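*Asks:* Chains as they are written, first to last, in the working numbering: chain A, 95 to 504; chain B, -9 to 394.
Keep in mind that the hints were calculated from the coordinates and are not lab data. Here the structure is a predicted model, which is why all the values come from computation and not from measurement. From the three backbone atoms N, C-alpha and C, an ideal C-beta is built for every residue, glycine too. Treat the hints with care, since some could be wrong.
Stated by the list, open to error - DEER-style ranges, computed between Cβ atoms: (1) 353/B / 398/A: 48 to 58 angstroms; (2) 97/A / 286/B: 29 to 39 angstroms; (3) 261/A / 287/B: 56 to 66 angstroms; (4) 397/A / 340/B: 23 to 33 angstroms; (5) 488/A / 165/B: 54 to 64 angstroms.
Claimed, not checked - Here are the simulated EDC-like cross-link-like pairs (lysine to aspartate or glutamate), alpha carbons at most 20 angstroms apart as the crow flies: (6) 181/A / 149/A; (7) 309/A / 119/B; (8) 309/A / 178/B.
Said to hold, decoys possible - A short list of chain B residues far from chain A (calculated; beta carbon distances all over 10 angstroms): (9) 94; (10) 101; (11) 164.
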Amino acid sequence: MTVPTPPTTRGALERREARLAWSLLLPTITIVSLVIVLPLLAIFWISFKPVGLADLRPVAPVIRESLRERSGEMVIEYRVRNSSQQKEIVGLGFTDTVHDGVTLGVLPEQCSVDGGALRCDFGDVEGGFNERIRVPVTLDGDPDMLEDIVEGTEPAGYGTGDNILTNSEFTLDNFARIFNGDEFWSVLWATVFYTVFGTIGALVVGLFAALLLNKSFRGKGVLRGLYLFPYVSPIIAVAFTWVTLLDPFSGSLNALLIQMGVVASPINFFGQRPLALIMVTVFEIWRYFPLSFLFILARMQSIDTDMYEAADMDGASPFQKFWYLSLPMLLGILSVLFLLRFIWTFNKFDDIFLLTGGNAGTRTLTVNVYEQAFAISNIGAGAAVAVVIFATLLLFSFFFFKYISQEEGL
Amino acid sequence: MSVLRQGAVTAALIGLFWAFVIAITVSVTLSFASGLGFRPGGFGCLILGFAGGLPLVYVRDVRLVISGFVLLCVVLIFTPLSPVLFQDNVPMHWQLLGVVAFGIFTIWPLNVMLVEVHPGALTRHAFEDAVIRFLTGFGYIVFTAVVLIPFYVMVMTSLKSQQALLRNPLDFSIELSRGWDLFRSYIELFGQFNFGSYLWTSFYVSVLTVVITLLFSVPGAYAVARLRFQGRAAFSRSILLIYMVPMIVLALPIYIVFSMTGLRNTIPGLLMIYPVTTIPVALYMLQGYFRGLPGEVEEAGLMDGLSRLQVIWKITLPLSLPAMVSVSLYVFMIAWNEFLLAFMLLDDPSKFTLTRGVAMLNSSEIPRQHLMAGAVIATIPIMALFLGLERFMTKGLTAGSVKG
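Looking at chain A on its own, in the form it has when it is part of the complex (with noise of 0.2 angstroms):
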């Protein structure tokens, strides 16, 4: 008798199966490989580039041509340039239509005449070129017609620029600029602060909030609802409300401080070093505690009361309650949150940059993105910066994987 074993091979249902699986997976890992995936990609090449804002306009040749009288004679006058005031473009040359009735007279050496097209040659051409070149015309027939008919046809340019994004100089610049100096520790520092102080803040506000509200009275749903509200409102409202409010000018917390004659003159919240990096951090406490509220109260709310009802038999006081049963059951959920949190608090880029725009010392690796790409216009640095967050935050992805796998329902 032998013994059965299960099969070693695939079967036929099992390989349908998966088929289908893949079938229905396929538009998502399509869709999410362009968007995602391709990016990022991209960025690691970019960030090896020379690539400033300016490299995004493409070098093309750029051609004019009018019709103008000179010494009795009519010429059309092509004026030849390169977009570019630095890149060299090769082969550059133009071709345009040469009209019956039109005679052309004697040609610039560039030009030739082949079959009813005019086609001028320029070859390599340097950055910031421009020249013009003049040909002769007459026209048979009425000569009130002739600016009509040389002006009716475009000149088709051509030529190759080079394109900084797809050529192969590469160089470590980027990196080399953003690790330099100061202003990396600085950047450093902010990140850090923000994040941790941010997320540990948020927890610990949101695990408040939520002992407040793990009781059941009238109205618990309707400041459940209103303590969710930072969270829920769109970012940009919220940001500058906050702006509005903290204003040193025309802010009410200022006014309201100093008609209680707490202080002397107006706090300049969000300009100055360090207090704008607080406030940024308390900002990111304001907006994120309702959703650390949110998961510590359903994990409360889901613990077992017997186990309060015997320690009250106890003769547990409340803090102890709380110290050694509450805690020990929500340290699950609290280290899921401060993962996820940290994560996300690491990743933020809109709320510092509506608050302060990364001023006064507020400026995180996420901002410093923008601020090499956009505000000092070196793509190729913010790219750098952009491989540096993603790194981290693979690291960061190992431990979250590491411990979020024993805590499931999340």
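Dock chain B against chain A, hints included.
*Replies:* Quick look at chain B alone, frame taken from chain A:
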């Protein structure tokens, strides 16, 4: 510790702290409501804190203590020991309102907090209960104030005129005499700044994002939840990994490609990106829900001759309607609130989404109340959705909040 746990000491300290909390609360509330000058008075609070806490422990008749306390507060208006101090221009009835509010909101909750406190040494249980009641009351006030004040300021600023704002930044009283002119900022935003069109753009972009997201994520989520294939675990993980990639990292290459292909400044371009940022989170939320559905129903469907796609359409989807609502709301919220991509990819004012339109208002040439009115316009629709469908929304937030 043991000194603190004497009934009298506990009552006095809690009374003191609570009196300060209420004095500050009343001053801030009345300042914001009237624009007049109120501030807490330190000595008054000190005295009234003791005067509130101690009698509650020693005097049996609670009603006597409460009315006596409020009376004392009113009398103190005329001395420098008033718990709430006033600037000279504050009329008598506001003073009275402030002090009576202070009196009631101090003594009445104190009575509840100190219910277990009696003269002599307290048990640890009674002491901590009193402290916790104090902290709870304190917590309610702080949280509510901190959450509400920015929204209050946002709405009220949008109703003010520029001169009124500059004259007194604290004055948020509504000048009802201005009539419809109160809504001038809103009228100008819709009239001159094209906000009607931004509202519509934001709306249809968000709805289309929801639709596209669901089209992609429902089949994907079903496959991950129900079908067995190699690489399922790896796929689940890579979904999570992908939606941890920050948008700013992706925005740079997307900006470059869109600039070169002419997709910048187009709504279709935006619609190519938005759903992809939400598909991973939607897929993750939905597969969690699909897993919780009983598989037997679907198997019965399969036995009766339905194909897999029919099973999804006729059985799984109707069963998961609540989850679909939650996911849709969550995705709608993300798309509606999205700022970074709209900011980077849209320059043409005729194609702005609402968030981009509000960002445009943040300039020194445009008055503050316009900016705040823009913020209110952006907030109201999402708030209305949230309050109307809070149950679904909360579920969506909890399930999807791996994303920030």
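*Asks:* Evaluate each hint against the coordinates.
*Replies:* Going through the hints against the structure:
1. 353/B / 398/A: 48 to 58 angstroms: holds (56 angstroms)
2. 97/A / 286/B: 29 to 39 angstroms: Since residue 97/A and residue 286/B have Cβ atoms about 31 angstroms apart, the given range 29 to 39 angstroms holds.
3. 261/A / 287/B: 56 to 66 angstroms: Distance hint for residue 261/A, residue 287/B holds at roughly 59 angstroms.
4. 397/A / 340/B: 23 to 33 angstroms: Distance hint for residue 397/A, residue 340/B is violated at roughly 54 angstroms.
5. 488/A / 165/B: 54 to 64 angstroms: holds (57 angstroms)
6. 181/A / 149/A: holds (10 angstroms)
7. 309/A / 119/B: holds (15 angstroms)
8. 309/A / 178/B: Violated - the C-alpha atoms of residue 178/B and residue 309/A are around 46 angstroms apart, more than 20 angstroms.
9. 94: holds (18 angstroms)
10. 101: holds (17 angstroms)
11. 164: Label holds. Min Cβ-Cβ 15 angstroms, cutoff 10 angstroms.
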